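Asks: What follows is the residue order along each chain.
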Amino acid sequence: MTTTQPRPKLTISQKLTHTRVITKRNLLRNVRIPQLLVFATIQPVMFLILFNYVFGGAITQGGPAAAVGDYINWLIPGILVQSAVFGSTQTAVGLTEDLRAGVIDRFRSLPMARSAVLTGRTNADTTRNLWVLGLMLAVGYLIGWRFGQGFLRVALAVLLVLFFAYAMSWVMACMGLAIKDTEAVQVAGFLPIFPLVFASSVFVPTDTMPDWLQAFAENQPITIISNAVRSLMLPEQAVEFIGFNQSELIWQSLAWTAGIILVFAPLAIRLYRRISD
Amino acid sequence: MLAVQTHEITKHFGEVRALDGVSLQFEQGIVYGLLGPNGAGKTTLIRILATLSRPTSGTARVAGIDVVDDPMAVRNRIGLGGQFAAVDDYQTGRENVEMVGRLYNLSANESRKRADEVLERIRLTDAADRPVKTYSGGMKRRLDLAASMIGRPEILFLDEPTTGVDPGSRLDLWDLIEDLVEAGTTLLLTTQYLDEADRLADRIGVIDHGKLIAEGTSTELKNRLGGDVVEIHALDGDIDSSAAVLTPIAGEEPVIQGQSLTIPALRGVDTLTQVVRGLDEAGIRPEDIALRKPTLDDVFLALTGRVAEGEDAEARPTGPRGRRGGR
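Residue numbers (my numbering), protein chains in the order written: chain C, 1 to 277; chain E, 278 to 604.
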């Protein structure tokens with residue numbers, strides 16, 4: 001026996017509507033439960049202040065490649081990446097909460113695009129990241145950070161970070177859908193993130209690390225993104241002094257980001273489709 | 278047309294057979310009640326019909342469409358509500374319902390209009406613009422019901438719509454569901470409450486351990502017990518001696534639940550007379566004695582050998598649970 005009904009296909013505009021509706025829903029949560037946004041903001045700002053005042057003096061004194069003036073100028077690009085990556089764990093947390101509340105079941109029973117629940121989630125989390133990054137730059141400015149190469153380059157740097165955070169949101173979406181438990185995912189989400197963030201150039205240059213670690217640290221995406229952002233934010237003579245190749249770093253960053261999305265977005269959608277099988 | 282048609286559906290989760298060959302069908306325009314205890318497989322079956330989960334084997338059609346072949350077409354025709362009030366606390370009632378409308382591919386205008394209609398119908402208009410976190414549990418269930426209706430589904434699936442709500446809200450929900458059904462919605466409802474199935478469902482399927490063990494109207498199921506029953510409530514020490522009196526009259530052991538003993542009233546009023554006389558001769562004074570229609574409780578017990586779970590069972594005094602001889 002075969003089905004004779006024509007198969008309804010969603011149009012692109014319907015799919016976009018679904019994504020917009022879900023994005024709005026997720027953003028609304030940040031607005032309606034302001035505590036969420038406040039705490040999501042306090043933590044990165046706290047990191048920024050702590051790292052700047054606790055390590056700043058020692059690191060500037062030590063005179064690494066960061067000798068480009070104050071440590072804050074080295075720190076800000078790295079800590080933007082770090083906050084955005086930490087922030088991406090919220091994607092996993094949000095999805096597990098929706099799973100537990102049965103909201104995902106409702107969405108999966110609706111004639112809507114399968115990808116919309118996930119793109120709506122990652123879009124909203126990236127938007128929230130934009131807010132956090134903006135605030136960090138403002139706080140950074142108050143404690144001494146200055147544009148090295150003008151506003152446009154900073155804006156481009158922020159876009160690079162956001163795009164990377166978006167990619168990491170897809171990784172976290174996979175973790176959320178695979179682990180399914182909010183408490184577990186809050187811990188598990190940081191497991192891949194900690195080594196990536198700390199064994200990188202986020203806080204300190206990599207050249208004092210042992211060889212084996214240096215090999216990892218210099219070639220992993222978080223170092224590459226951080227350095228790409230630095231090449232856009234530090235004064236030009238500093239970039240030259242350190243030896244950053246700006247365009248190469250930017251291209252490598254984009255390649256890593258696109259690569260991560262290409263692997264993890266389809267995987268997340270696949271996990272979502274099969275979530276109850 | 279058949280609203281739902283399943284053929285030998287199985288669903289295994291690893292070693293667990295949540296569904297073990299369920300075949301059922303019912304036509305549009307009726308309320309089908311799927312009755313069974315926790316873990317019987319009700320939710321698994323609804324999840325398969327609502328395209329949330331794929332069967333391990335067997336086929337299922339909803340409104341004539343295969344749920345595995347063309348899930349999107351099925352989703353266009355169904356609504357799903359249930360156990361979890363799947364609504365967002367931080368959105369208002371109206372926002373929640375309109376959002377679901379948009380996801381059913383209604384235009385923004387249509388969504389707004391339909392949201393007004395369904396909110397009116399479930400009597401939430403006054404609270405519609407309040408955040409859901411200010412709602413009571415019963416109101417959240419009603420809102421969940423509204424959300425499941427906004428797409429004008431041909432077939433509505435409600436998975437334990439009243440589990441965990443207070444008795445007042447349950448009555449409200451029953452009224453609402455009855456209104457819906459009068460308006461012509463086909464409904465598949467799962468429940469662990471016999472009274473719920475009895476009141477709402479036109480046809481009832483009894484499911485246990487992943488198998489459909491009986492099916493029919495509530496009356497048909499009750500008739501399987503052979504008509505009326507005589508039930509006595511024995512005083513504390515008299516249960517065994519009462520059973521000894523009842524057994525020869527019924528030709529089988531009575532069903533004992535707590536202090537209540539039940540036998541089929543094969544000869545109607547005459548059976549009652551026999552029981553009264555027998556107890557009197559044995560010098561037993563029961564607390565209460567009655568000739569009554571069997572309830573779905575009796576049916577469930579007869580079919581599964583267990584008391585149905587849920588509040589109905591919990592409300593009973595605990596005691597030795599009877600077995601029923603003739604299955």
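Hints should not be assumed to be uniformly reliable.
Straight-line distance between alpha carbons at most 25 Å, and here's what the computed BS3-like set of lysine-lysine pairs gives [said to hold, decoys possible]:
(1) E/K410 with C/K24
(2) C/K24 with E/K499
(3) C/K15 with E/K390
(4) C/K9 with C/K24
(5) E/K410 with C/K180
(6) E/K499 with E/K488
(7) C/K180 with C/K24
(8) E/K410 with E/K390
(9) E/K499 with E/K570
Far from chain C by the CB rule (all over 12 Å, computed), these chain E residues [said to hold, decoys possible]:
(10) G316
(11) G358
(12) A363
(13) L457
(14) E529
Hints were generated in silico from the structure; no laboratory data involved. Keep in mind that this is a model prediction, so the values were computed, not measured. Where a beta carbon is used, it is the ideal one built from N, C-alpha and C, also for glycine.
Asks: Take the hints in turn and mark each one as holding or not.
Replies: Comparing the hints with the structure gives:
no. : hint               : in the structure
1   : E/K410 with C/K24  : holds, 19 Å
2   : C/K24 with E/K499  : violated, 52 Å
3   : C/K15 with E/K390  : holds, 22 Å
4   : C/K9 with C/K24    : holds, 24 Å
5   : E/K410 with C/K180 : holds, 24 Å
6   : E/K499 with E/K488 : holds, 19 Å
7   : C/K180 with C/K24  : holds, 23 Å
8   : E/K410 with E/K390 : holds, 24 Å
9   : E/K499 with E/K570 : holds, 8 Å
10  : G316               : holds, 16 Å
11  : G358               : violated, 8 Å
12  : A363               : violated, 4 Å
13  : L457               : holds, 18 Å
14  : E529               : holds, 44 Å
The structure fails to meet hints 2, 11, 12 from the earlier list, while all remaining hints are met.
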